[in-house]
Each structure stands twice: as structure tokens, then as C-alpha cells.
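**Student:** Chains A and B, in that order, give the protein sequences.
Going by this note's numbering, the first sequence opens with residue 1, and the numbers climb by one from there.
Going by this note's numbering, the second sequence opens with residue 1, and the numbers climb by one from there.
Since the hints were made in silico from the structure, they are not lab data.
It is possible that part of the hints are untrue.
[Unchecked claim] Think about it this way: if two alpha-carbon atoms lie no more than 27 Å apart in a straight line, the pair counts; the simulated DSS-like pairs of lysine-lysine are: (1) Lys177(A) with Lys177(B); (2) Lys177(B) with Lys65(A); (3) Lys50(B) with Lys177(B); (4) Lys177(A) with Lys65(B); (5) Lys65(A) with Lys50(A); (6) Lys65(A) with Lys177(A); (7) Lys50(B) with Lys65(B).
[What the hints assert, rightly or not] Covered stretches of chain A (chain B as the covering partner; in silico rule of three or more C-beta atoms under 8 Å from a C-beta of chain B): (8) 179-186; (9) 193-199.
A virtual CB, placed ideally from N, CA and C, is assigned to each residue, including glycine.
2 protein chains.
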Amino acid sequence: MPSSRYINTPLTRSASPAEWRATFRAGQPQSHTSGLAERHVQGNVVILPKAWADDFLRYCQRNPKPCPLLAVTEPGDAALPSLGADIDLRTDLPRYRVWREGECVDEPTDIRALWRDDMVGFVIGCSFSFEQALMDEGIRLRHVDQRRNVAMFRTALPTVSAGPFSGPLVVTMRPLKAADAVRAVQITSRYPAVHGAPVHLGDPALIGVHDLSRPDYGDAVEVMPHELPVFWACGVTPQAALLQARPPLAITHAPGAMLMTDRLNHELAAF
Amino acid sequence: MPSSRYINTPLTRSASPAEWRATFRAGQPQSHTSGLAERHVQGNVVILPKAWADDFLRYCQRNPKPCPLLAVTEPGDAALPSLGADIDLRTDLPRYRVWREGECVDEPTDIRALWRDDMVGFVIGCSFSFEQALMDEGIRLRHVDQRRNVAMFRTALPTVSAGPFSGPLVVTMRPLKAADAVRAVQITSRYPAVHGAPVHLGDPALIGVHDLSRPDYGDAVEVMPHELPVFWACGVTPQAALLQARPPLAITHAPGAMLMTDRLNHELAAF
Chain A
1 MPSSRYINTP
11 LTRSASPAEW
21 RATFRAGQPQ
31 SHTSGLAERH
41 VQGNVVILPK
51 AWADDFLRYC
61 QRNPKPCPLL
71 AVTEPGDAAL
81 PSLGADIDLR
91 TDLPRYRVWR
101 EGECVDEPTD
111 IRALWRDDMV
121 GFVIGCSFSF
131 EQALMDEGIR
141 LRHVDQRRNV
151 AMFRTALPTV
161 SAGPFSGPLV
171 VTMRPLKAAD
181 AVRAVQITSR
191 YPAVHGAPVH
201 LGDPALIGVH
211 DLSRPDYGDA
221 VEVMPHELPV
231 FWACGVTPQA
241 ALLQARPPLA
251 ITHAPGAMLM
261 TDRLNHELAA
271 F
Chain B
1 MPSSRYINTP
11 LTRSASPAEW
21 RATFRAGQPQ
31 SHTSGLAERH
41 VQGNVVILPK
51 AWADDFLRYC
61 QRNPKPCPLL
71 AVTEPGDAAL
81 PSLGADIDLR
91 TDLPRYRVWR
101 EGECVDEPTD
111 IRALWRDDMV
121 GFVIGCSFSF
131 EQALMDEGIR
141 LRHVDQRRNV
151 AMFRTALPTV
161 SAGPFSGPLV
171 VTMRPLKAAD
181 AVRAVQITSR
191 YPAVHGAPVH
201 LGDPALIGVH
211 DLSRPDYGDA
221 VEVMPHELPV
231 FWACGVTPQA
241 ALLQARPPLA
251 ITHAPGAMLM
261 TDRLNHELAA
271 F
């Protein structure tokens, strides 16, 4: 991981997730959490009023590949004891996005003023965990090598709806040689809690993706002639469904500014 | 499995491997063993004089994907107790091929007259086991649906040589939709003793295969536009290396006429 990722902070590469959370809680600026405490699970965050949370929970349950739930709070309680003893979901992310009727209205670093006793927080697995597992096995990821965000695409594959939540499956794409693609299926199959095995590989048109050079989110990354594009379900899927549902209030992590948990990536491995 | 496969014999679909071996031992004709006692492991057989067997054993050890060894006999002993209490490798296959200096000189149904006290028998895992596992999970295999032999190709990938044994990796090809290809990687990864995970998928030219409609062995099978060709290491690889080495005497199973063992396919599953 490039050292420039830590330039904003006095903490070092060896800092624990709890130490990072403490700095965010204290207001220390940090643009994103990629590469921080990299053996530990990071999560996508969605916070909704209870009136919307029940449908959203069913949406996640029905779409486990894009929406693998790591934890859900009690209504009104910002704690997530299964992910870290001291976690306070109102303060512990480096940056949040506040959405009203599906429009982003603010990017605060603290949401205590917005918290209510009917708020429910969801933590959804993130591909950082399986990317670390892939790199640990010697598989090079081009977007990491090039210090870009992963390329993400809206597909023609629908998710299963629940109440107001519906929309297309969003996928990430990583170009891999065939032998690495086979290894990547094996490795990511061990991690169902962070999107699991690929949902597609090969011809992007078969899932309604027509131009790999124009991702819907993130950065484009080249696919070499000897490579296959390999597609995984992406945690942007529930966020897209959320925005499309236009709840009066929703709070999410800002892009790349995830919840850092105390769980180790390898604790998520299924076998 | 089509009932025509059993037309030559009074045994039924429910017959055990031991019952099938007894009929072969008694001289009952049977062209091939595909689909017989299909929950049980079948194996490729190679029999060599001890002077050649040691190199061949090292060749298998160095190339475990095409040459997964299920069992090796003691020199001069035709028993394989780990695969079936009563197995006699000299009589229990429906048909053999006898090779002298790499040329097939006979196709007997019994090799007792050729057996010597320096003969060593090798049993090598066969894709029938993983094909059954794939079909049990609902994955359709076109060559099975079309009652053809699987398509096999000599690749540009070399095996690791040992003594006189060397040659290209031979692969089988099965066309699959991407989602089934991902499942097939997961399922066959559980079966390292019968070739394990695919060695390649996608563009055949990358492994030196230039025309999928012209297999080097077996029958051609169509790849539809929405499918990927998926390639597994094949038990023909050691046989090709064997014939190229031109030992003075070698005995193998006749194509499709495998050793039927008492082991269940699912006993081979790694997890």
C-alpha cells in the first residue's frame, strides 16, 4: 500500500482499527480508509429510520451477494458490539453522506446531531476484505497497482425487490488471467460475507455491460488481451437501491470512507 | 444415463462396482464403463515394468492435475486393496490395450498372460467423478446430454518431465455459461484427486488450442455464444507421455473402459 495514503495522519501502518476510529471520533481528517489496518474487515454503512429499515433488511436478506450483512444495530443504538466493543456509528467513520429524498445534502464527519432513537444502522461487507485475500495469495489487482478506485458497472440483472427497494445489480470488475480467475473464484468463495464468488466472467454484454472503458462508478481499468473481466456483486447495489427509494432521510459512509471494524478478514473465511 | 449403455449385460443400474468387476472377470463383454455405478470412482489404469514405473511415478507426482494418483500397486501384485478388497488388475477391466514401443498391439479383455512379477499398476483419477458432482449440482454437460465423448485437446502447456516421460498437457473442454463456470470451479476444486479445478477458461488460443471444432481426442461439442469453454487437465496426458516414451511394454485400460472401484465419488471431496 502506498505510504501517501497515510499522509494526513500521525498514525502508522501498524495502527489498530480502534486507534483509527478514535482519530476519526476526535475529528482527525481522513479522505478514505483503503489500505488502513488492512488485515481487518471494513464495512459499508447505511443508516435509516426504522420505518424504512425493515424493508431494507429484507432487501439485504434477499440479495446476499451484493448486500452481505455483517451487523445491524438495535433501533436508536449506535453500538455494534460484534464488530468492535467501542464502536459508535455516529462518530467513528471519517466522513458520512446525508441523503434527503435521494439527494445528497451534506458530507459531515459526525452525525450525532442527526441521530434519532428510531435510527437503525446496517454494516454491509466490502470487497476490501476479499481483495486483501486475493493479494495475499499473490494475485495482482491492476486498480490497486495503479492506485485507482475499482471499476463499477450497473448491470441488466435485477435484484430481488423488498418494499420500496429495488434496482439493478451493480458489480465491480477486475481483469485477471484465466488461471488467476480460477484461483480468484476459489479464494472469494471462502468469503460469502464480503460478496463471495464472482457473479460473472467473460463477455460483459451477457450481463448488460456494453463498454468496460466507461464504468458507472469508480475508475476505468484496462483489460489486456490475455485477460478475462471478472465481475463481483458490489456494495454500491444497496446504496443505489436506497437512493432510488428516496427515503426522507438516509445516512451512508462517504465513498471509500468505511467503518473500520476489529474483525479480521480471515475470520470471515468460510473454510 | 441412457439405458442403452447396459444393453450388453444382465446387470442393472443398481449393480455395485464389485458386481461389475465380477462380470468383467468372467469375460462378459462391455464396451465402456461410463454411467455404470455412477456414484463410484472410476480410474484410468497404466501398468509398467518396474524399470519404467519409478520414473512414471515421479512424472505423476510432478503433474498432479493431469495425473492424480489414486493408488499404486506393489510390484508384481495385482491387488489394490484401498480401491476394492477383491480387485485383480489383471482381469477386472472390461478391456485393455497392450503397447509395445508405443504401438498398440492388442486389445485383450484379460492380461494374466502378460503379467510379470515386476509389473506395477497405477490408477489415476478420472473426470467421471467430477462430472457426476457437477451434474448432481444441476450443471448440464452438453457432451453427456448428446451422448458423446468429451472433447480433448493437446495444449501448448508442457508438463514437468521425469526420466523419459514428458509431453504437453492434454485438457478436456466443457462449454458452460459463466455462472455455471463459477459453480464448476467451486465444485471441482473439492476434487483434487480427479483433476480438481479448471486449468483454463475463455480464449483457447492462450493455451495453444486453435480450433475447438477439431479435438485431438474424443468428440467435438459446440460452444454457444453465451458460453465459455472451460478446460480441465485430462488423464490422457499421462497416457500421451507414456506412448511418447515408448517403453518396451505398457498396458492401459482401453478408452472408456475404466477400473471400477468401491470408493464413492464423494469420499474424494476435499471439503
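**Student:** Could you run down the list of hints and mark each one as holding or not?
**Tutor:** Tested hints:
no., hint, in the structure
1, Lys177(A) with Lys177(B), "18 Å, holds"
2, Lys177(B) with Lys65(A), "19 Å, holds"
3, Lys50(B) with Lys177(B), "45 Å, violated"
4, Lys177(A) with Lys65(B), "19 Å, holds"
5, Lys65(A) with Lys50(A), "23 Å, holds"
6, Lys65(A) with Lys177(A), "23 Å, holds"
7, Lys50(B) with Lys65(B), "23 Å, holds"
8, 179-186, "holds (count 5)"
9, 193-199, "holds (count 3)"
The structure fails hint 3 only (numbered hints given earlier).
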